[in-house]
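The primary structure of each chain is shown beneath.
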Amino acid sequence: MADNGKKIDIEVLRYRPEQEMEPVLQTYTVPFTDDMSVLQGLQHIKDHLDGSLSFRWSCRMAICGSCGMMLNGIPKLSCKTFLSDYYPGKLHIEPLKHFPIERDLVVDASDFISKLEGIKPYIIPKEPRTLEQGEYLQSPKQLEKYEQFSSCINCLLCYAACPQYGLDQKFTGPGVLALLQRYNADSRDDARSDRMEVVNADDGVWGCTLVGYCSEVCPKQVDPAAAVNKNKVNSTMDYFFRFLFPRGGKS
Amino acid sequence: MNTRKSYIRPMEGWWLKNPFYIRYMIREATSIFVGIYALVLLTGLVSLSCGEASYNNWLVAMTNPIAILFHLIALAAVIYHTITWFAVAPKVVSPLFIAGTRVPDMFIVAAQYVIAILLYLILFAMVWKV
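Taken in order, these protein sequences are the chains called A and B. This note's numbering puts the first residue of the first sequence at 75, with every later residue one more than the last. This note's numbering puts the first residue of the second sequence at 2, with every later residue one more than the last.
A portion of the hints provided could be inaccurate.
Unchecked claim - Okay, derived cross-link-like pairs now, BS3-like style, lysine-lysine, Cα gap no bigger than 27 angstroms in a straight line:
1) Lys-18/B - Lys-154/A
2) Lys-215/A - Lys-92/B
3) Lys-18/B - Lys-294/A
4) Lys-306/A - Lys-92/B
5) Lys-6/B - Lys-244/A
6) Lys-244/A - Lys-92/B
7) Lys-294/A - Lys-92/B
8) Lys-164/A - Lys-219/A
9) Lys-80/A - Lys-154/A
10) Lys-92/B - Lys-194/A
Unchecked claim - Partial list, computed: chain B residues near chain A (C-beta under 8 angstroms):
11) Ser-7
12) Tyr-8
13) Lys-18
14) Asn-19
15) Met-63
16) Pro-96
No lab work stands behind these hints: they were computed from the structure. Ideal placement from N, C-alpha and C gives every residue a C-beta, glycine not left out.
Go ahead and model the full structure; you've got the sequences and the hints to work with.
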């Protein structure tokens, strides 16, 4: 690493359950260059200053969704954020908000994972095609209806941005509802009616009060707030049609 | 043996910690002024049904500086709410396509302002009979 003499103070919220009852702050002074990400700063701490610091990371290029954390109070991917953006000030790092802290910057994401499983996040075709029948065809217009939502990398930044999720963990939350919309809006999928149960539930889209911060912080421009609020319209229509045709339109 | 002991952080004062949340809470709080304004309007209707004298009393009460100040605040609250409402409309509507291309969100937001201004012009023309 080229040493240009610049150093930044990184203050990390640490929590080691075997020795602390609640999280404590620890500050590290880290030498850095302008091309270094926050993640690289943390890696410098782990390699040279304090090997006991725990945090998640994998790809270093904003696609695995592992390294989300609160940087000066804002949820960001640490691999996609530069240390120089915070210099000469201090950088304060906390684990993602609204999730239980497992250790240091590592949060327990099991609630998100189980909710994700609950929406069947895969294409369920009406009639599976055999290899001989070939691929499922889709027009560019059909692709555009869901493509944006398919960019989600499950990084949880939107959950850390959502106060409704923080106040009530039962709320399905922005990321899962965006992925639900990704499959419901896919012309090759036919499991919409199964997923509407999640949408219509009290903890589904109606748990959202359109704070809208989820879409601001999304590192992949997914716009979960749009997915949730389009589904408020869908949920209302669904209710209305079930009211009109209680037997699904069949006599 | 399970030695996990995760820590859950408190939520107290969450909305003061980010300007985005503060703007959200202001948006939600505008409903208080809209609610009071609706009640004021309702008392106007009730006084109208009670006869000319009571309606004139209500009109006089509305010229009170406090009433005027309240209406100015309520107007500001409604305008703020309207701007935030128009801004989120593209999130609610299904993707619109014209001749195969998707209508950009900005067009949907702008269209609402155009429609609102047209409606206000018609309304003012009807009220003042220009």
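Against the structure, the hints:
{"no.": "1", "hint": "Lys-18/B - Lys-154/A", "in the structure": "holds, 23 angstroms"}
{"no.": "2", "hint": "Lys-215/A - Lys-92/B", "in the structure": "holds, 18 angstroms"}
{"no.": "3", "hint": "Lys-18/B - Lys-294/A", "in the structure": "holds, 24 angstroms"}
{"no.": "4", "hint": "Lys-306/A - Lys-92/B", "in the structure": "holds, 11 angstroms"}
{"no.": "5", "hint": "Lys-6/B - Lys-244/A", "in the structure": "holds, 21 angstroms"}
{"no.": "6", "hint": "Lys-244/A - Lys-92/B", "in the structure": "holds, 23 angstroms"}
{"no.": "7", "hint": "Lys-294/A - Lys-92/B", "in the structure": "holds, 16 angstroms"}
{"no.": "8", "hint": "Lys-164/A - Lys-219/A", "in the structure": "violated, 42 angstroms"}
{"no.": "9", "hint": "Lys-80/A - Lys-154/A", "in the structure": "holds, 20 angstroms"}
{"no.": "10", "hint": "Lys-92/B - Lys-194/A", "in the structure": "holds, 24 angstroms"}
{"no.": "11", "hint": "Ser-7", "in the structure": "holds, 4 angstroms"}
{"no.": "12", "hint": "Tyr-8", "in the structure": "holds, 4 angstroms"}
{"no.": "13", "hint": "Lys-18", "in the structure": "holds, 6 angstroms"}
{"no.": "14", "hint": "Asn-19", "in the structure": "holds, 6 angstroms"}
{"no.": "15", "hint": "Met-63", "in the structure": "violated, 33 angstroms"}
{"no.": "16", "hint": "Pro-96", "in the structure": "holds, 6 angstroms"}
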